[in-house]
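2 protein chains.
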Amino acid sequence: MTQWVRFTPPGEATAFGTLQDGQVEAHEGDLFGEHRPTGRRHAVAAVRLEAPVVPSKVLALWNNFRALGEKLGKAPPVHPLFIIKPATSVTGPGTVIRRPARYAGKIVYEGELGIVIGRTCRNVRREEAGDYILGYTCVNDVTAAELLDADPNFAQWTRAKGSDGFCCLGPAVTTGFDWSAARVVTTLDGVERQNYPLSDMILPPHEIVSAVSSDLTLLPGDVIACGTSIGVGSMKPGAAVSVRIEGIGELPNRMGEG
Amino acid sequence: MTQWVRFTPPGEATAFGTLQDGQVEAHEGDLFGEHRPTGRRHAVAAVRLEAPVVPSKVLALWNNFRALGEKLGKAPPVHPLFIIKPATSVTGPGTVIRRPARYAGKIVYEGELGIVIGRTCRNVRREEAGDYILGYTCVNDVTAAELLDADPNFAQWTRAKGSDGFCCLGPAVTTGFDWSAARVVTTLDGVERQNYPLSDMILPPHEIVSAVSSDLTLLPGDVIACGTSIGVGSMKPGAAVSVRIEGIGELPNRMGEG
Chain A
1 MTQWVRFTPP GEATAFGTLQ DGQVEAHEGD LFGEHRPTGR RHAVAAVRLE
51 APVVPSKVLA LWNNFRALGE KLGKAPPVHP LFIIKPATSV TGPGTVIRRP
101 ARYAGKIVYE GELGIVIGRT CRNVRREEAG DYILGYTCVN DVTAAELLDA
151 DPNFAQWTRA KGSDGFCCLG PAVTTGFDWS AARVVTTLDG VERQNYPLSD
201 MILPPHEIVS AVSSDLTLLP GDVIACGTSI GVGSMKPGAA VSVRIEGIGE
251 LPNRMGEG
Chain B
1001 MTQWVRFTPP GEATAFGTLQ DGQVEAHEGD LFGEHRPTGR RHAVAAVRLE
1051 APVVPSKVLA LWNNFRALGE KLGKAPPVHP LFIIKPATSV TGPGTVIRRP
1101 ARYAGKIVYE GELGIVIGRT CRNVRREEAG DYILGYTCVN DVTAAELLDA
1151 DPNFAQWTRA KGSDGFCCLG PAVTTGFDWS AARVVTTLDG VERQNYPLSD
1201 MILPPHEIVS AVSSDLTLLP GDVIACGTSI GVGSMKPGAA VSVRIEGIGE
1251 LPNRMGEG
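Quick mapping for you: the protein sequence lines, in order, are chains A and B.
What the first sequence shows, in the numbering used here, is residues 1 to 258, in sequence order.
What the second sequence shows, in the numbering used here, is residues 1001 to 1258, in sequence order.
Calculated from the structure, these hints are not laboratory results.
Owing to the predicted nature of the structure, the values given are computational and were not obtained by experimental measurement.
Just so you know, not all the hints are guaranteed correct.
Said to hold, decoys possible - Taking lysine-lysine and the DSBU-like style, the derived pairs with C-alpha atoms no more than 30 Å apart in a straight line are:
hint	chain 1	residue 1	chain 2	residue 2
1	A	K236	A	K106
2	B	K1236	B	K1071
3	B	K1106	A	K74
4	A	K74	A	K236
5	A	K106	A	K71
6	B	K1071	B	K1106
7	B	K1074	B	K1106
8	B	K1071	A	K106
9	A	K74	B	K1236
Sequences are here, hints too, so could you generate the full structure?
In structure tokens, the structure reads:
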């Protein structure tokens, strides 16, 4: 298990590297190709962590956990149900989530596991999908919930989930991560609101990657958010929200005032 | 009115430039910033035209023409209803549209006007939206129509419209284009199937750009497909499809065999 991060030391350019024992070690080269340590280390507390990858797109799945599907009375899907969150929606740990200019309704958190693609991926079989996954990260799939049903003829999933800063990623991409034994824990102002086992997933990561890669090409750095489970809730102005998965780390963000 | 194209001369790298009188004139620099003619010209017949821009994302609108909305019995939207077609779906004139590996149903053409964004655009007022539009292009918003209702709980717009090659753009981006007097004409194997006036649009381009820019940030080169009208139909294997808007040009593509 290696933890890859992107980080910005004060007054320096953003770099990538590994996170271990409270230190980041800068690397040079290409995270998705050849790379090597530069020998430079920083205390993680002395740098700003960024979103750990720069995706060309993020796919966000709906109805992929049994507990939530059963609560909503929705049959399990046979193929991933997804929308695209654009690159412009991606943000990292510690940032402030801003309300879109023309939207006054509820904004909700959705703590999720994110699959990070490591290689260009098209029509990949389930058995080989693991070769195309770099690792896993935490996602807060922020959603302007009242837009979903604002038009009676068209569920506005993309608009509701696509705003700038609505795709919080981080803190790290963990390689060789065993998601099947892990849980997603989301807290709001320090109170636990979600705590669900990833083993409750309907379509697991290798199947998701295989199926989605038959629909469209995934590129290195692309992220697939695996969907959320029960406990989704609204974030008030100024609220502190955090998504944590043991083995990946904690992804804290704050809701903007106003 | 200038017509901007991207093109590849035989054995050379892809370049951008202007199209006039059957010739392309190469430019150097940045289409969205400083640029100047290199003095090199090619006959357009001697180069391969590419998608005229390389979008980070394409927004595709639904229910934005009165004639089609009335036919379907759908009330006009008050805000653009859209999904995102990813960058990996973009293709240019003359390419072959391939069937996704796991989909056996109908694949339909949708001839549309495309707005091409020229400057980073966020919370732009309608009155200033024109400053953020580089010009207009033709779009074939290809759709795997039978996926839309394949899951009873979730309309799979993104999956249906997001496959590689499902966003045909071109042949040019025309600046200073008066869309209000133009028509979209789509032919299938030479037979006219769509011929609708852009004046029938419900939300016009400046209003679309303004409204969408309050939802998310648009980047230079991003494209917004304004939605289609009546006459959408299925493309059989090998079918020739073409979307034409006078003042922009003709966007021909072919459906793959099999």
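Under the constraints set out in the numbered hints, which ones does this structure not fulfil? Structure breaks hints 8, 9.
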